[in-house]
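Protein chains: 2
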Amino acid sequence: MTSPAKFKKDKEIIAEYDTQVKEIRAQLTEQMKCLDQQCELRVQLLQDLQDFFRKKAEIEMDYSRNLEKLAERFLAKTRSTKDQQFKKDQNVLSPVNCWNLLLNQVKRESRDHTTLSDIYLNNIIPRFVQVSEDSGRLFKKSKEVGQQLQDDLMKVLNELYSVMKTYHMYNADSISAQSKLKEAEKQEEKQIGKSVKQEDRQTPRSPDSSSNVRIEEKHVRRSSVKKIEKMKEKRQAKYTENKLKAIKARNEYLLALEATNASVFKYYIHDLSDLIDCCDLGYHASLNRALRTFLSAELNLEQSKHEGLDAIENAVENLDATSDKQRLMEMYNNVFCPPMKFEFQPHMGDMASQLCAQQPVQSELVQRCQQLQSRLSTLKIENEEVKKTMEATLQTIQDIVTVEDFDVSDCFQYSNSMESVKSTVSETFMSKPSIAKRRANQQETEQFYFTKMKEYLEGRNLITKLQAKHDLLQKTLGESQRTDCSLARRSSTVRKQDSSQAIPLVVESCIRFISRHGKRDFSLARICAESGRTSRNSLYSKHRD
Amino acid sequence: MTSPAKFKKDKEIIAEYDTQVKEIRAQLTEQMKCLDQQCELRVQLLQDLQDFFRKKAEIEMDYSRNLEKLAERFLAKTRSTKDQQFKKDQNVLSPVNCWNLLLNQVKRESRDHTTLSDIYLNNIIPRFVQVSEDSGRLFKKSKEVGQQLQDDLMKVLNELYSVMKTYHMYNADSISAQSKLKEAEKQEEKQIGKSVKQEDRQTPRSPDSSSNVRIEEKHVRRSSVKKIEKMKEKRQAKYTENKLKAIKARNEYLLALEATNASVFKYYIHDLSDLIDCCDLGYHASLNRALRTFLSAELNLEQSKHEGLDAIENAVENLDATSDKQRLMEMYNNVFCPPMKFEFQPHMGDMASQLCAQQPVQSELVQRCQQLQSRLSTLKIENEEVKKTMEATLQTIQDIVTVEDFDVSDCFQYSNSMESVKSTVSETFMSKPSIAKRRANQQETEQFYFTKMKEYLEGRNLITKLQAKHDLLQKTLGESQRTDCSLARRSSTVRKQDSSQAIPLVVESCIRFISRHGKRDFSLARICAESGRTSRNSLYSKHRD
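These protein sequence lines map, in sequence, to chains A and B. Residue 237 in the UniProt record's numbering sits at position 237 of the first sequence; the count goes up by one each step and never skips. Residue 328 in the UniProt record's numbering sits at position 328 of the second sequence; the count goes up by one each step and never skips.
If you are wondering where the hints come from, they were derived from the structure by calculation, not from laboratory data. A couple of the hints might just be wrong.
Pairs involving identical chains hold if they fit within one copy or between any two copies, as the list cannot separate such chains.
[Claimed, not checked] Here are the simulated lysine to aspartate or glutamate pairs, EDC-like style, with alpha carbons at most 16 Å apart: (1) Lys-194 - Glu-217; (2) Lys-197 - Asp-152; (3) Lys-9 - Asp-173; (4) Lys-234 - Asp-173; (5) Lys-87 - Glu-40; (6) Lys-143 - Asp-277; (7) Lys-437 - Asp-277; (8) Lys-141 - Asp-36; (9) Lys-141 - Glu-444; (10) Lys-190 - Glu-385; (11) Lys-155 - Glu-458; (12) Lys-165 - Glu-133; (13) Lys-226 - Glu-188; (14) Lys-141 - Glu-40; (15) Lys-141 - Glu-183.
Predicted model, so just to flag it, every value in this text is computed and none were measured.
Working from the sequences, and respecting the hints, build out all of it.
Here it is, written out as structure tokens:
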């Protein structure tokens, strides 16, 4: 604008404008192509999603069927067991409970994966189909709108072109009128200059010489000046008229320029954005819902599976040898129930059913009692030592078998290369040399435990027998000191009894005493075993504690 | 004991005893059988667990392979896309991101199920094998211990049997000695009675008559009494001796009875319990560890899967049309970038590049400006109405497409009968009549939206153009009032300029004003588009907000 060295002519300006418009037109075409491509990609993506979920539904169904078969294989086995009571009995054992829950879990997972497959087919895929339909329809409609917007834009550019050309035309006219005016002005100036020179020559010293010629000349010059002035005025009017037209045309051009730039701005900044919004209308939201349906299904599956695993974990926590032992004993009550106590059977009406601890056997019994006592204390000390060793060994075994080696988190921490998964996992449990060593150690310890166990049980066997004898002796001897009955007296008492048939008070109280204290535990056990399972349980545990 | 009506004899007592021992022996046999059975069940259970996990490992591997294939099928497709830059570009779009994460998740699950399968085969199954070996060995050893304990118990019972028989023997001897003694005592009494009678007959009134006979008789009687006395004494001694033996035998019997009952008690209450403990040694703990390994594997799988689902959920949350639009525009920057602004091109060195608003065009322009203003206010009101309707319609569509219908929890709430699963699930999404209705409604609303949209865009088109013209007119007219330059003056100014070639200050300030205020937005957009993507983004969003 500021460089006047070279004025731009119509053709140049038009050529530049054409180039600019051509570029815009090319962009508009590309924009449509770009939207078409996005539409195609979208349709392709939705098709892929449908194919993906269709195939995954098949996989889930396959998986479900396999799990179902697996569960059925073992459940059928249980069902075929004829003795249903036996089956019921076994179920109370904690390992069997774990096993049943494991099978339940497989059945549950089978069912859940069927549900998943069904949700894929009958909910998620139809959603993608809908999104695809909607997308296609919206793209088509949006493209129509876009085409209209582009057409409008091109109209604006054409308008600009025509007003620009009008401006060029009127400006050219104005320039031409201006130059014609300038020419007239020059001629006028020239004519005025001539007149002044001639008047300068004519006027001095000879006022009347050839005045007619001068007047005639003056008249000719004056009409020429007038003619030129008239032409100049005419050209001035023409220029003013053309100049106004040019100004108006330039104004129109400037206004059109403003409108065009605003329209282009609007199209690129607002229209294109709105157009893409139209294409996207509901797409993201619908896709969101379809994928959330997938997530909901997966999370429900996960929750269901987790519930099952919780149940199994609970059962695993309740794996308990002690309660299983009690349940087993209850189950086979008749097999594990202690038998009737052996009672004293009086031979041929023998009336003395108690230990006789009077002279002459008394001193012998006293001595025997003392011997038993000293032997028992030695035996007990020895067996207590064995027991301690045995229990320490048991603790070692417990430590071995309860080592917490079951965390497999490491196996799920993959390195970046997926190929290395297999080798990592396989080595975790079996190939560790420490495991083999631990097992050898476990068996050795176990062997030692059994040796000590046998030793301890033998000792306890002997102690039990001797203790029983010793206790009876001690009790009887303690009583016999208080009840001063000699063998002689007793024999007469026996004779008296023979006739009266009554049990002497002394004997009666002895029986009561023994049954109340000496054999209390056994009698209780007996009573409980006969009166029902439940109470016996508590007794067993009391004994073991 | 108290019923003397019938004395129990040896045979009777022995028979009763035999019956009682026979019952115990039968129980002991049953106990061993019971332990054998438990051992067999345990081995069977462990075998079942191994078979179960072996089969499940196969199923998991199958599942894993199918998932791998599924993921590869689609990933291969992406990989085969030649234009990697294009692929990279597409990945920034939020739906494509979801799709990629979906495929990643399948790959992750495939890998995790392979790991699971591997843990089953190489960790869990070997554990069950070990538990099975341990169980068998322990049962064998425990059975030996049990056999020993039973043998010991039988020994005690045999001992009781023999001391009981000894008691019977000595008691029989004692009874027999007692009866012989009684017989002797009776004879003695009889003899004493005879002597007294004879002496009563002999002594009154005839003291010397036949005294020799009496003395002789007396002598005979006396020796007979002595003989009887001697016999009685002998029998008394015999009885005392036998009685003592019987007492001792009874004492031994009573002591043995006590020892036996204590041993039986110990065996049933303690030994059997210890024996079962020996069989169970480490069984529950090892089973616990094996099952915890299973749980650890399942929970790790669950966690891994959940992490993947979280990533997908995050991507679904980030499904966003606005940012995708921005990314698309960045991606195709050259296609969506606004073109160069159309500049005023002065024709043939035309120096006036601004709107001319002096007389004589001024009044015309003023009028035109007023007309534009009134037309614009009408158009704006109308278009605002259209916009409101359009936006309300859009909101309706948004409400339809964002309805939260994706929760499938119901599908996982099974009724007790598993058969009814399929029908329930299938009906959830597609067959609901409300869905069809909703879709019809959606499309109708969409159609209406597009109608309003087109109407609005047309209005905006017109408003943009008229507004641009109006603004330029208003601005120029405002300035021309201040800068009082008439057409006439101007034309002379132009002429002056023609010679000086300098832009007048007025024009220069006009240019600056317009470029600073009037076309500010557009210029800014232009600058940003040229200076880089990032800043343009913020501009886009500014414009849309």
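Each hint, compared with the structure:
In this homomeric assembly, Lys-194 and Glu-217 come within 16 Å of each other (Cα to Cα) only inside a single copy, at 11 Å, whereas the closest approach across copies is 234 Å. When the C-alpha separation of Lys-197 and Asp-152 is checked against a cutoff of 16 Å, the pair qualifies neither within a copy, at 67 Å, nor between copies, at 171 Å. For the homomeric pair Lys-9 and Asp-173, the shortest alpha-carbon distance inside one copy (13 Å) is at most 16 Å, but the shortest distance between copies (162 Å) is not. For the homomeric pair Lys-234 and Asp-173, the shortest alpha-carbon distance inside one copy (15 Å) is at most 16 Å, but the shortest distance between copies (184 Å) is not.
In this homomeric assembly, Lys-87 and Glu-40 come within 16 Å of each other (Cα to Cα) only across copies, at 14 Å, whereas the closest approach inside a single copy is 62 Å. Proximity of Lys-143 to Asp-277 under the C-alpha cut-off of 16 Å is restricted to the intra-copy arrangement: shortest distance 12 Å within a copy versus 82 Å between copies. Taking CA atoms no more than 16 Å apart as the test, Lys-437 paired with Asp-277 passes in neither setting, with 70 Å inside one copy and 25 Å between copies. In this assembly of identical chains, the alpha carbons of Lys-141 and Asp-36 lie at most 16 Å apart only when taken from the same copy (12 Å versus 81 Å across copies).
Taking the closest pair of Cα atoms, Lys-141 and Glu-444 come within 16 Å of each other only across two copies (13 Å); inside a single copy the shortest separation is 83 Å, beyond that limit. Within a single copy, Lys-190 and Glu-385 get their C-alpha atoms no closer than 152 Å, and across copies no closer than 70 Å, so neither meets the 16 Å cut-off. Taking CA atoms no more than 16 Å apart as the test, Lys-155 paired with Glu-458 passes between copies only; the shortest distance there is 13 Å, against 115 Å inside one copy. Within a single copy, Lys-165 and Glu-133 get their C-alpha atoms no closer than 48 Å, and across copies no closer than 104 Å, so neither meets the 16 Å cut-off.
Taking the shortest Cα distances, Lys-226 and Glu-188 sit within 16 Å of each other inside one copy (9 Å), while across copies they are farther apart (213 Å). Taking identical chains as interchangeable, the C-alpha atoms of Lys-141 and Glu-40 lie at most 16 Å apart only when both belong to the same chain, with a minimum of 15 Å there against 76 Å between chains. Proximity of Lys-141 and Glu-183 under a CA criterion of 16 Å is satisfied in neither setting, with 63 Å inside one chain copy and 138 Å between copies.
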